[in-house]
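The two chains are supplied separately, each in an independent frame; assemble them into the complex guided by the hints.
Chains as they are written, first to last, in this note's numbering: chain A, 1 to 380; chain B, 1 to 289.
Be aware that one or more of the hints could be misleading.
The list that follows gives simulated cross-link-like pairs (lysine-lysine, DSS-like), each with its CA atoms no further than 27 Å apart [to be verified]:
#, chain 1, residue 1, chain 2, residue 2
1, A, Lys14, A, Lys55
2, A, Lys14, A, Lys164
3, A, Lys55, B, Lys243
4, B, Lys132, B, Lys228
5, A, Lys371, A, Lys244
6, B, Lys228, A, Lys205
7, A, Lys55, A, Lys205
8, A, Lys244, B, Lys243
Simulated from the structure, these hints should not be mistaken for laboratory data.
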Amino acid sequence: MDLYEHQGKELFAKQGIPLVEGFVAGSGAEARRIAERLGGKVAVKAQVQIGGRGKGGGIALVGSAEEATAAATRMLSEGFRGTAVTRVLIEQLVDIDEQFYAAISLDRSAGAYLAIVSSDGGMDIEQIATERPAALRRATIDPLLGLHDYQVRYLVGHLPAGAKEGSADVLRRMYDVIEQNDATLVEINPLALLTDGLVVALDAKVTIDDNALWRHPETEALASAFPIDPVELRAREAGLQYVKLDGEVGIIGNGAGLVMSTLDVVQLAGARAANFLDVGGGASAEVMTTSLEVILSDPSVRSVLVNIFGGITRCDVVAEGILGALERVTPTVQIVVRLDGTNAVEGRAILARADSPRIVPAESMLEAAHKAAELAGAAA
Amino acid sequence: MAILVDEITRVVVQGLTGREGRFHALRNRAYGTQVVAGVTPGKAGQDVEGIPVFDTVADAVAETAANTALIFVPPRFAVEAVYEAADAELRLIVCITEGIPVRDLARVTSYLRGRPTTLVGPNCPGVISPGKSNVGIIPGEICTPGRVGLVSRSGTLTYQIVHELTQRRIGQSTCVGVGGDPVHGIGFMGSLERFNDDPETGLVVLIGEIGGDDEERAASFIAEKMTKPVVGYIAGFTAPPGKRMGHAGAIITGSRGTAQAKAEALEAAGVKVGRTPSEVAQLVEGSLS
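Just chain B, with the same shape it has in the complex (with noise of 0.2 Å):
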């Protein structure tokens, strides 16, 4: 089980021979994930060390039954890359890639609804299903299989605290980056749904940031729906009003998207939220104990 990648993930890498695309196809390789393809215009008939490259989408998923598109396109032509993705019936496209215009991302989301394709990202680290598959740039050796499911905005955040987990001997059933942009596929509600009826998991960490209103329509959802235990975290207590901090939706407007408040939102779902990555890997000790 696991959610969203897993044994049968067959993946197809959109921009396999540029320099990042090549460097992390490789590296999902050598972790164990199947990596079935790679897609550039004009470089059909190439290989990636062995990996077979095709002009479009559609030719990949025809050749190699891939399943899963992974996304390594620079900003200006990644959107197209999605669309391509989807209309090739992929039932999971992983978008690494950041700085894509967001209204470009509203217009690829809304054309997304109702189709049987999930997003992950844009501007995220991917989604690992720790000992079955990587798709995208989590470093697969600091994970280690186990119950955790983690989902969250920021990358190395979700390292540091992944980290601290297997520090403690604490394994991770999938962890999913649903990147740091305003306007996203795959969110914290997506992600926790997927992990409230995955047999694998048995406790969610949930790793907000300050900016927008997803933690807090997660906490409505806990509340509701939830029943498992899940342990919070959110970044940005010390972010000032109005200021983008890296990310593209880590921003406070006005007087929302404070991290006190999503904090104080997850908290009334009976989330615990603790201060500092090392107290969230303590609280998830103490509530598997």
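For reference, chain A alone in the conformation it holds in the complex (with noise of 0.2 Å):
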């Protein structure tokens, strides 16, 4: 999961990590007041979780109330780039003598923690890593023994005298976020020492791990905060792994790897897939129901395909599940279905019996993609 800006921030405050006063703004009034109690020279910044805010206009930095409020309007009523910007973040203009970058994010090929520390901020890191590498200081921490000071002393070695200290103590303060938050990334860019000496994070960008989100309740509470699809939510709410695609085949299958499989063969086969929908394993008749009735509710759908290879998974519960979806809602659209491993035989007998003129039965999950592709296209 990742968090907003704000909201990296609260966790950040509660760690004890330096921030510039700031507060969230809903409206332009409301920013107005902040902007006013903070003195009228602030940053207003869109919250939205895409890059190059500063470049694209999502960050103003204005010199009065009045200004604030203009650009606060403007973002919550233009978004950013083709995004709904709900709110605003309203900071206090500092003076920034030098930027830096800081993070740690999980190295997942190392099983262990990288903390990566630039003497150039507020740019694109990956930029940094191929035009200045020397400006990169990186160290690996065993998740077992956290982080050494002695690896705190290596990554702020090269930055001005007057950071390391006030950089060190957020770096420590930064590993804390990871552990305290089950965060897989906390990264600050710009990590900025001002003029009057003090090193504050100007940026925050934190992602949650999902697998720990029962340890975080009041984290988890923070995703209300996030717009979503209507189809997605609905998807979620069923428990059901759904991701929304630009495409026009619905697609239902069981297991991640085979899902993703199914979405790259219908595209080889000349249409796009609507969405990634994995029922999981041993889905019951009211999963595939369920599933059924969130694909057929998204108005881009031309054709269905359901591709379910059975293992722990029975086909014919999979069928029984498919014919009680086509009870409860009337499809306008075509179902191919492929079944394929336990009781695969059992299940798509159901289907011949059953004698829908909505499903499309398919012998390979070739033959399926191929047929699906051809529908949504003779659909369109």
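What follows is the structure, given as structure tokens:
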């Protein structure tokens, strides 16, 4: 789960990472009150999870409460690069001496955390890595041992003398954010040395491990602030693994790898998938019915492909679930069904007996993909 | 031979008395696997259709000489089960559980480093050496003994490809599901190394997916060390960046972890990469003939 800047900064504040004073506004009027309280000279920052805010008009540095109101109103009404903006963060303007970069993230191949500090900040880290590799220092943190002091000294060793102590303190607290919140990424870009000598986090990018959210109910609650597609919401409530895509063939399968592979094969067949939907292992008839209902409620779907390879999942149960859905909704599109593996013969027989004009059986995954692509094309 | 599991594998099932544990333990036993014990704290003295249950792995090992753990414990307690099995010095731990926090996994894999125990998974379908032993949830009936080794990050996609191989009368030496989590035990490299040394394996199929760089690192290993042919498949060419595609580890971060980059890395290492599961089976057939 990716947090918004202001949510990440709330976690930072709890851990004692120095921040610039700021508040969240949901309207121009609110923005005005906050800007007045902060003395008028403020930064107005759109709360979106897309990079490039600085260059793209997502951050406005203004000199008065009137300007802050105008900037906030513009961002809230226009959005940012096609994404709706529901909140802006208003922060006091500060005098920056130098900008750095600091991040701690999960290094999945090492099974450890990787800390990176750059003496250049405020720009894309991948760009710094290619253009000025000497600006970067890295250290691998063993999750059993934690961040050693010598690692901290090394990581900040190339920063200006006045920034070392403050940055070292921030780094230790960043690792606390990782440990106490099950974060997989904590990034501060830029980390700024102010002219008054303080080192502060001007931005916050935090990702929390979805698998650990049960340990952090207060963090899980933050997700309610995220905008979500209505079909996606319905799928989530039903406990399905669903991702909305922009094609026209609705996909249902069992197992993440098989579903991903199905999306690819549909593309090779000349169409595009409308979604990723994994019913998981051992899906019940009810889960199948709900899945089909979710897919059929997506107006962009012009044909459906059900691709099941039964292991724990039984194909006869899947077939019953498909028929169950047809009793509850009347689809306007064709449903191509491919069943293989556990009880596939029984499953196919159940569908054959039902003899529904909406169900198109397929013998193999490839054949199913081609049929679904054809039907989607014909329905266009 | 085969790798990881075979006739001498003796399994203790942690979480045997749960619904999933019981169902799959009995299926594994029916396949011919030696399922010798179960562990559920507080249920020592009971049995599941003749399989004795113990309070701890240490007790189970002392009584039954189990050498492999199979874990069906819920995500909140699964890592504890891995530590327990490792401390009982089992040589192999297969963890099926999905949904374990990644920090717990990073800690336990760090703990296992330098120890004699190999972890498979978590969030994996397990390991099968057809005709010998099945430890996990892979449906035994779709496999057939033979000389192709399979290693995969996915469950059902593996079944699909095994099914296509079996339909072409191509058997398997061992199928290893390494799991879909970003941090896991044995990976492609550890599996390839074992297949390379296994006289019963003649060719390896590597089934990857988006996210991370396991496939890229496997490609370097293949180019430098592998003496046997490898056929590859990567799922997720059409997956959008930044979206988690079912598996916790299946996510393209920025421009990294794309299917395209992985397929190219494998091809550069001399691996033939199929575009569909059927094409993978065709490539295997071509390489064997």
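Cross-check of the supplied hints:
no.: 1; hint: Lys14/A to Lys55/A; in the structure: violated, 30 Å
no.: 2; hint: Lys14/A to Lys164/A; in the structure: holds, 22 Å
no.: 3; hint: Lys55/A to Lys243/B; in the structure: holds, 25 Å
no.: 4; hint: Lys132/B to Lys228/B; in the structure: holds, 23 Å
no.: 5; hint: Lys371/A to Lys244/A; in the structure: holds, 21 Å
no.: 6; hint: Lys228/B to Lys205/A; in the structure: violated, 44 Å
no.: 7; hint: Lys55/A to Lys205/A; in the structure: holds, 18 Å
no.: 8; hint: Lys244/A to Lys243/B; in the structure: holds, 10 Å
In the structure shown, a violation is registered for the earlier hints numbered 1 and 6, in ascending order.
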